[in-house]
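All chains should be built: construct the whole structure from the sequences, respecting the hints.
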Amino acid sequence: MPCLRMSRRIAVASFFFCPYVQGQSVALNLQAPVTALARMEYDLHSMLLLVTGSIFLLVFLVMLYAIVRHRKSAGHLARQFHENTTVEIIWTLVPLLILLLIAWPATRAVLAQKSSRGEDMTIRVTAYQWKWRYDYLEDHFGFMSHLAAPVPASGSPHGLPVNYLLDVDEPLVVPVGSKVRLLFTANDVIHSWWVPQLGVKQDAIPGYLRDAWFVVDVPGIYRGQCSELCGKDHGFMPIVVEARTPEDYARWRDARLKQAAASADDPARVWSLAALRERGEKVYGQNCVPCHQVSGKGIPGSFPALDGSPVVNGNKAAHINIVVYGSQRNPAMQAWGKQLSDTDIAAVISYERNAWGNHTGQIVQPAEIRAARHGAAS
Amino acid sequence: MAIADIAVSPLPSHQPHGWRRWLFATNHKDIGSLYLWFSFSMFLTGGVLALCIRAELFHPGMRFFRPELFNQLTTLHGLIMVFGAIMPAFTGLANWMLPLMLGAPDMAFARMNNWSFWLLPPAMAMLLLSFFVPGGAAAGGWTLYAPLSVQMGMGMDLTIFAIHILGISSIMGSINIIVTIFNLRAPGMHMMKMPMFAWASLITAYLIIAVMPVLAGAVTMLLTDRHFGTHFFNAAGGGDPVLYQHVFWFFGHPEVYIMALPAFGIVSQVIPSFARKPLFGYTSMVYATSSIGVLSFMVWAHHMFVTGMPATAQLFFMYATMLIAVPTGVKVFNWVATMWEGSMSFETPMLFAIGFLLLFTIGGLSGVTLSVAAVDVQLHGSYYVVAHFHYVLVAGALFSLFAAIYYWFPKMTGKMYCEGLGKLHFWWSLLWFNVTFFPMHFLGLAGMPRRIPDYALQFTTFNQIASIGAFMFGLGQLIFLYNILHALRAGKPAEQQPWEGAQTLEWQIPTPAPYHSFTEAPELEVFENGVIVTMHGGKHG
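Chains as they are written, first to last, in my numbering: chain F, 1 to 378; chain D, 1 to 541.
Note that these hints are calculated values from the structure, not bench results. We put the CB at the ideal spot given by N, CA and C, even for glycine. Everything hinted at is true.
With the Cβ distance kept under 7 Å, some of the chain F side facing chain D (calculated, not the full set):
| hint | residue |
| --- | --- |
| 1 | Val26 |
| 2 | His70 |
| 3 | His76 |
| 4 | Leu96 |
| 5 | Gln113 |
| 6 | Pro196 |
| 7 | Pro206 |
| 8 | Gly207 |
| 9 | Lys232 |
Pair by pair, the computed Cβ-Cβ distance ranges are:
| hint | chain 1 | residue 1 | chain 2 | residue 2 | range |
| --- | --- | --- | --- | --- | --- |
| 10 | F | Pro161 | D | Glu419 | 49 to 55 Å |
| 11 | D | Ser290 | F | Phe56 | 24 to 30 Å |
| 12 | F | Asn84 | D | Pro16 | 49 to 55 Å |
| 13 | D | Pro122 | F | Gly75 | 51 to 57 Å |
The structure is reproduced here in structure tokens:
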């Protein structure tokens, strides 16, 4: 039956066009605010929408009336007036008045956003290509926060997780009800930290400190993304803030402090190749994969291959130097000495020298990294 | 009227023919046509890049392009549309129409005119070739923010040189426009009576001369940071990454008006013609346009509300930006008042002008929303901004350009385009433009950052709608191309005065406009906005 076949085809086609429309709630407004700042921004936006919407409607209706009534085909003759001082003064002054009325709450909101003093705790947010680091300054611990799951290479939209691109391995944990002051900086290029429900967006600028603040009212998980183009994986460095009750937060903090004390590496430890490789593979996965790829083949033309690379298979000192201090020739290769520990750098170098088609059999110990750092300093 | 006295001579015999006519062109009409065809080809090129972007964003999940290539596509889409499509199109129109509207024999500097056009193709070729060099094209967004742009490969250097050349080209074009308007107006064509299109072109030309060197400075500092060891934008060397943004946006915000003011000029010619009524408030239009030009230099940091400026700076730039709404509002009200009590007809140019008026108002009002710094904290760097500036640049600049082409096409070519196809082009563009860009407001409000190659699942529906809209919008531009090509080959001959209400000087001369018009200036009596009351004398070569 051709009719049936046709309708089946249409059904298949419509499935292709909108497989996600079903069951997906469609957001038309700002996300639900959970801080005083975000609520202020939300209300201000609603007010602006009302004002600008009414102005548009007014202009549109007047125009529509003219289009319907003052048309040649309706036999309307043009009246040749071309100025009216009174009217022109009115429609200069009235918008000015409306703007003054908007400026009052707008000014109060700006001043509120800027009053970051009187904080209960301070967290330093450092942006890297392409991850975040959170340091709890009063408690002297900190951690990196990466995209939780790598982006599937297949490109198929089916079976993507619910929080696709919005999940991290280590969320920023804060207590509700406390004034949290964030200090922003960046390691390489400008990034921007944006969590809509908190009402905070602030650029993180290399070499400079900027601040912002929030007090979360409701415990929950709030998600955001980097909102300043920062290179290749700009779309893949999400932000997750977990707001907990003060008791919950205190438990988390104690666990963190214990963990930080326990996991401190002994810088003098001499590692076996197997142990270093195992650790190095993890470090490689978290830091090097975006450019050099899991395969170590890099991206031809943009990022060099490590598999078979003369640096990786040659002199250890040159390899250590480029990892610790970055590349002079290619600024995309960062100075990892600034963000990784001696042990991590030793591990990742040892891994690279003994992975894929590289079989140098050489081990680089943390002590060698320390020596390289101090050697260059003197 | 002395039109009947003027004999139309054929293409003068000393004039070079074939490719020499174009390469060695000094005639403002030939150069104007070169500009217009070039900008249309760049519009299609930039459009293809836009469709690549929308194809990738049809589904969540990486599908067609690697993220680094995606960033190159967004960057080049912006640069090509701004510097290759919109700016040259307005310069081309000014070239074609200013001498006709003012009663001048040609542009003031004919050979410089040639050079300002012929710099464009090599510059754009360099930009496009950068896709094929190691590392690919520039991928830092059209704003080329440091320090990200310091990281890029050779493609960035090609982009920097291309921007230098494009800047030289537009500065020379602007000098020509200014000198022509000041010195070559026919007797009787006073400044305060000349067409709004001339006023808009004049103010735009001043803006270009003021800010293109600033952009050149910004990208030159970038170049020396990249290759010669300077640290303008590197904090470790005593520089400041935010300095780049200040310098860039000191260029960038007037640039917005460089792309908007000529559109205002066009609409101020088209609406009175089809309302059969003089432009309302001509004098206040001139002052509004000038004050927009001046204010445009004082608002640049509203692009930087989340860089962490002090509260006083936030407030200053917020107030100054809100203030621009006043003269812009005056213009919109004046256009509506021009339509009021008119005797309107709705040929394609008028439709595009009304489309402009409606959609540009939406873009202007979302601009007021963005100007409020506290709200901008939520919207900055999101798809809301993408929606906002496409309402201003596509529905603003592009729609006005379509209005201008349909309006002046009969005078330029002596042929009529097909009105039915023109109307189809308008309604098609209006519909799919809104389908493409209106949902982007919602995406931005919901929290989708701009310039991302892949997105979270909750943004899927509107992205799919936008992608479908974009492809349909792109397809619709082929209607325009077909209409133009068909009219050039087989269009009906146009009358000297195809629009009943058009009363400016270009409609007082034969159709098509003679190759050398006004070799001898006419004596004019002019009402406001270039409307000719009487014309005596004047000869065409």
